[in-house]
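All chains should be built: construct the whole structure from the sequences, respecting the hints.
Protein sequence lines, in the order shown, are assigned to chains A and B.
Residue numbers for the first sequence follow the numbering used here, so the first one is 34 and each next one is one higher.
Residue numbers for the second sequence follow the numbering used here, so the first one is 9 and each next one is one higher.
Check before you lean on any hint, since a few could be wrong.
FRET-style restraints, in silico, Cβ to Cβ [claimed, not checked]:
| no. | chain 1 | residue 1 | chain 2 | residue 2 | range |
| --- | --- | --- | --- | --- | --- |
| 1 | A | 61 | B | 16 | 36 to 46 Å |
| 2 | A | 71 | B | 65 | 47 to 57 Å |
| 3 | A | 128 | B | 62 | 32 to 42 Å |
| 4 | B | 77 | A | 85 | 32 to 42 Å |
| 5 | B | 87 | A | 113 | 43 to 53 Å |
| 6 | A | 110 | B | 46 | 25 to 35 Å |
| 7 | B | 64 | A | 131 | 16 to 26 Å |
| 8 | A | 96 | B | 67 | 37 to 47 Å |
Lysine-lysine pairs mimicking DSSO-like chemistry, simulated, CA-CA at most 27 Å apart [to be verified]:
| no. | chain 1 | residue 1 | chain 2 | residue 2 |
| --- | --- | --- | --- | --- |
| 9 | A | 71 | B | 108 |
| 10 | A | 73 | B | 84 |
| 11 | B | 108 | A | 73 |
| 12 | A | 52 | B | 84 |
| 13 | A | 52 | B | 76 |
| 14 | A | 74 | B | 89 |
| 15 | B | 84 | A | 74 |
| 16 | A | 74 | B | 108 |
| 17 | B | 76 | A | 42 |
| 18 | A | 55 | A | 73 |
| 19 | B | 76 | A | 71 |
| 20 | A | 42 | B | 89 |
By construction, these hints were calculated from the structure, which means they are not laboratory data.
Every residue gets a Cβ at the ideal spot worked out from N, C-alpha and C, and that includes glycine.
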Amino acid sequence: DTEVTQTPKHLVMGMTNKKSLKCEQHMGHRAMYWYKQKAKKPPELMFVYSYEKLSINESVPSRFSPECPNSSLLNLHLHALQPEDSALYLCASSQSGDHTDTQYFGPGTRLTVL
Amino acid sequence: GQNIDQPTEMTATEGAIVQINCTYQTSGFNGLFWYQQHAGEAPTFLSYNVLDGLEEKGRFSSFLSRSKGYSYLLLKELQMKDSASYLCALFRGYALNFGKGTSLLVTP
Numbered sequence: 034d035t036e037v038t039q040t041p042k043h044l045v046m047g048m049t050n051k052k053s054l055k056c057e058q059h060m061g062h063r064a065m066y067w068y069k070q071k072a073k074k075p076p077e078l079m080f081v082y083s084y085e086k087l088s089i090n091e092s093v094p095s096r097f098s099p100e101c102p103n104s105s106l107l108n109l110h111l112h113a114l115q116p117e118d119s120a121l122y123l124c125a126s127s128q129s130g131d132h133t134d135t136q137y138f139g140p141g142t143r144l145t146v147l
Numbered sequence: 009g010q011n012i013d014q015p016t017e018m019t020a021t022e023g024a025i026v027q028i029n030c031t032y033q034t035s036g037f038n039g040l041f042w043y044q045q046h047a048g049e050a051p052t053f054l055s056y057n058v059l060d061g062l063e064e065k066g067r068f069s070s071f072l073s074r075s076k077g078y079s080y081l082l083l084k085e086l087q088m089k090d091s092a093s094y095l096c097a098l099f100r101g102y103a104l105n106f107g108k109g110t111s112l113l114v115t116p
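Here it is as structure tokens:
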């Protein structure tokens with residue numbers, strides 16, 4: 034099983050809303066990632082969690098707040114977003130975060146901010 | 009992705025062979041990955057190179073030359089379902105740094 038699941042698939046929110054994106058994997062992977070992908074652009078790294086600890090924050094605005102409740106779950110809490118934050122948000126996981134590990138991506142959450 | 013270059017678009021015929029090139033301007037990376045991404049879907053892993061040379065996985069092969077700053081993905085026996093975006097990515101330090109991707113259209 035190499036499945037990473039993400040919910041919801043689609044999300045529309047206003048600039049004053051608070052919402053959360055969820056990601057789950059049951060492959061025993063210890064590294065999890067959030068990427069943001071705008072239309073016709075490549076995925077861009079946002080956060081890396083390694084062994085449930087935030088190891089990398091790629092200078093992401095504080096209106097995006099990641100959380101790793103346990104080794105299988107990764108959340109992304111959203112608050113006071115801007116329309117330019119509309120994008121496909123991809124979650125990925127890998128065995129341990131080593132460069133030899135394949136990253137497996139979830140199907141993404143397509144976010145629209147009005 | 010600013011240091012990773014790929015052609016924007018390519019077109020090839022069903023049953024043919026196509027080579028998608030990727031050049032980069034950095035020497036400090038651990039490995040080079042190729043991913044396939046269909047429109048609106050997640051990237052899926054295709055191939056991975058750490059050392060120079062050719063890695064073959066069924067219809068897909070990937071080649072790396074670190075000294076030349078160059079990689080390619082070779083797709084054989086093209087099928088219509090191979091129409092997708094192909095992303096070259098360097099693993100540096102802790103995560104993947106993607107190129108802009110090559111949109112491949114396979115025609116009958």
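Now for the hints, and whether the structure bears them out:
{"no.": "1", "hint": "A/61 x B/16: 36 to 46 Å", "verdict": "holds (38 Å)"}
{"no.": "2", "hint": "A/71 x B/65: 47 to 57 Å", "verdict": "violated (30 Å)"}
{"no.": "3", "hint": "A/128 x B/62: 32 to 42 Å", "verdict": "violated (24 Å)"}
{"no.": "4", "hint": "B/77 x A/85: 32 to 42 Å", "verdict": "holds (36 Å)"}
{"no.": "5", "hint": "B/87 x A/113: 43 to 53 Å", "verdict": "holds (45 Å)"}
{"no.": "6", "hint": "A/110 x B/46: 25 to 35 Å", "verdict": "holds (29 Å)"}
{"no.": "7", "hint": "B/64 x A/131: 16 to 26 Å", "verdict": "holds (23 Å)"}
{"no.": "8", "hint": "A/96 x B/67: 37 to 47 Å", "verdict": "holds (43 Å)"}
{"no.": "9", "hint": "A/71 x B/108", "verdict": "holds (11 Å)"}
{"no.": "10", "hint": "A/73 x B/84", "verdict": "holds (25 Å)"}
{"no.": "11", "hint": "B/108 x A/73", "verdict": "holds (8 Å)"}
{"no.": "12", "hint": "A/52 x B/84", "verdict": "violated (44 Å)"}
{"no.": "13", "hint": "A/52 x B/76", "verdict": "violated (46 Å)"}
{"no.": "14", "hint": "A/74 x B/89", "verdict": "holds (21 Å)"}
{"no.": "15", "hint": "B/84 x A/74", "verdict": "holds (26 Å)"}
{"no.": "16", "hint": "A/74 x B/108", "verdict": "holds (6 Å)"}
{"no.": "17", "hint": "B/76 x A/42", "verdict": "violated (41 Å)"}
{"no.": "18", "hint": "A/55 x A/73", "verdict": "holds (24 Å)"}
{"no.": "19", "hint": "B/76 x A/71", "verdict": "violated (30 Å)"}
{"no.": "20", "hint": "A/42 x B/89", "verdict": "holds (23 Å)"}
In this structure, the hints that do not hold are numbers 2, 3, 12, 13, 17, 19, in rising order.
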